[in-house]
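Q: Single-letter residue listing:
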Amino acid sequence: MAEIKVESEIAGKVWKIEVGIGDRLEEDDPVMILESMKMEIPVLAPAAGTVREILVREEDAVEEGQVVALLDG
Amino acid sequence: MFEKVFVANRGAIAARVIRCLREMGIASVAAYSEADAEAPYVAEADGAIELGPAPPLDSYLNQDRVLGALAASGADALHPGYGFLAENSGFAARVEKSGCRFIGPAARWIEAMGHKTNARRLMESMGLPVSAASDVLAEGTEAAIAEARRIGFPVLIKAVRGGGGIGMVRADDEIALARNLDRAAEMAARAFGDSELFLERFMDRPRHVEFQVLGDAAGDVRHLYERDCSIQRRHQKVIEEAPAPRLERAFLDGVAARMSGALAKLGYDNIGTVETLHDAASGLRFLEMNTRLQVEHAVTEAVCGIDLVRAQILSAAGARVAEILPDPVPLQGHAIEARVCAEDPVRFLPSPGALKTFRPPEGDGIRVETGTREGAAVTPFYDPLLAKVVAHGRDRNEAIASLQGALEAFAVEGVKTNIGFLLRALRFAPFVAGDVHTGLVHDILAGPP
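Same order as they appear, the protein sequences are chains A and B.
When we follow our numbering, the leftmost residue of the first sequence carries the number 777, and every step to the right adds one.
When we follow our numbering, the leftmost residue of the second sequence carries the number 3, and every step to the right adds one.
Worth double-checking, as some hints may not be accurate.
Result set (BS3-like, lysine-lysine): computed pairs, CA atoms no more than 27 Å apart in a straight line [stated by the list, open to error]:
no.: 1; chain 1: B; residue 1: K418; chain 2: A; residue 2: K792
no.: 2; chain 1: A; residue 1: K781; chain 2: A; residue 2: K814
no.: 3; chain 1: B; residue 1: K358; chain 2: A; residue 2: K789
no.: 4; chain 1: A; residue 1: K814; chain 2: B; residue 2: K358
Some chain A residues close to chain B (C-beta under 8 Å, calculated; not the full set) [stated by the list, open to error]:
no.: 5; residue: K781
no.: 6; residue: E783
no.: 7; residue: I786
no.: 8; residue: S812
no.: 9; residue: K814
no.: 10; residue: M815
no.: 11; residue: I817
no.: 12; residue: P818
no.: 13; residue: L820
no.: 14; residue: P822
What the simulated footprint calls covered on chain B by chain A, stretch by stretch (three residues with Cβ under 8 Å from a Cβ of chain A suffice, anywhere in the stretch; the number is not a length) [said to hold, decoys possible]:
no.: 15; segment: 265-271
no.: 16; segment: 276-284
Bear in mind the hints are in silico, worked out from the structure with no lab data behind them.
Ideal Cβ placement from N, Cα and C applies to all residues, glycine included.
Input sequences plus hints: build the corresponding full structure.
A: In structure tokens, the structure reads:
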């Protein structure tokens, strides 16, 4: 099984995690919603897969390019 | 007149108000969060008080902290700027109760216009046309669907305590409506502290035309013409201009006179903006009224030759509109404002970072309002606005050319900016022709790079 890295496109704060371990996601399904500069920006699954690990918690600060979750594809 | 004014805001608008206070000979006190301790506006004020940590709820949106700082400042009035607590009637009332003037309309006005369905009803009763809409939605999907059927799809799901285009969701059919109600309620609760919703008929590609008014404590209200703010991404304005292109002056002045007349009858008593949507089929429809200074106030200042912040402060201090504004208010040339934001120019994703280079343009007819400077950090805590660039020309074409030149000369490094997008917009043929509407950003992005 290939590992799929879910990366944040922006620097911001994790507002809401939308998935749990083991959830099956399609490409472009929202994994979590970040908040930055008064905007809510979803982090989408880059490809279909099953959630293996979530690497951040709600309220955590994330950097641009940071891996926030891993999927098994 | 006030002796000392506490400025309960940050960034470009705090700098703007502090500069105006200095010109009026009034002492200023800045407010700042930990993230803004080094911001230029803080040093420009005569005094400054820290509010707390960076998140807005711990600083600029924290009423107890702001009121504590106001009391400690010894100021006799508070300027709220825009955003944050500027349209919070409870806050305005607390400021007044503490013995200070709130520089804005009476709290009852903020309350009346903050409740969007009540505001619509009030304006309708004064003879202003409104679009088809529901009242506050009752609980449950059934009630919402029944209302949407009555109004007709597509509809916009909007927050009753909302405004400024934040958290609106479009629903084209019953399925989309049912699916989005919970999300809209959640967004409303989060952004405005109230999950109540209403539905409004969606207008396809309308223009956003808004009317600037100024009132006084004696109930005299006059208008300062209109602004067109149709160029929007995510329902947020990025380019604003005055006067509105390709609409008849007599028509616009007639609407503005009717609005200021209606507000005078009701006793509106400070600065405000009546926002409308316009399309050829429906004409103008009341959208909402903002009971504060507008982000884009500088385009009106350019064409009218009036300092609106000064006018607002004078009115709050008891001056009459007749003493503040010339009669008639002049309307000279054309002005366009572009909001330069820290965001990428295609998807408009925010781009915080350090401003390695930040050199705003200068020139005849160019005005730049900014709250930051080279070397400063753009943090993820607040809105992405870096600067407002305003060009004033003899006519619209001259203003467009001048703004293009200014934006091309604006050097920013360290964060992504939307300058490339703004330049595309200013060159886009329908924009140049004045054929503006809220769908134009979509067309610009689909057009030539």
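Q: Enumerate the violated hints, using their earlier numbering and listing them in ascending order.
A: Per hint list: 5, 6, 12, 13, 14, 15 and 16 violated.
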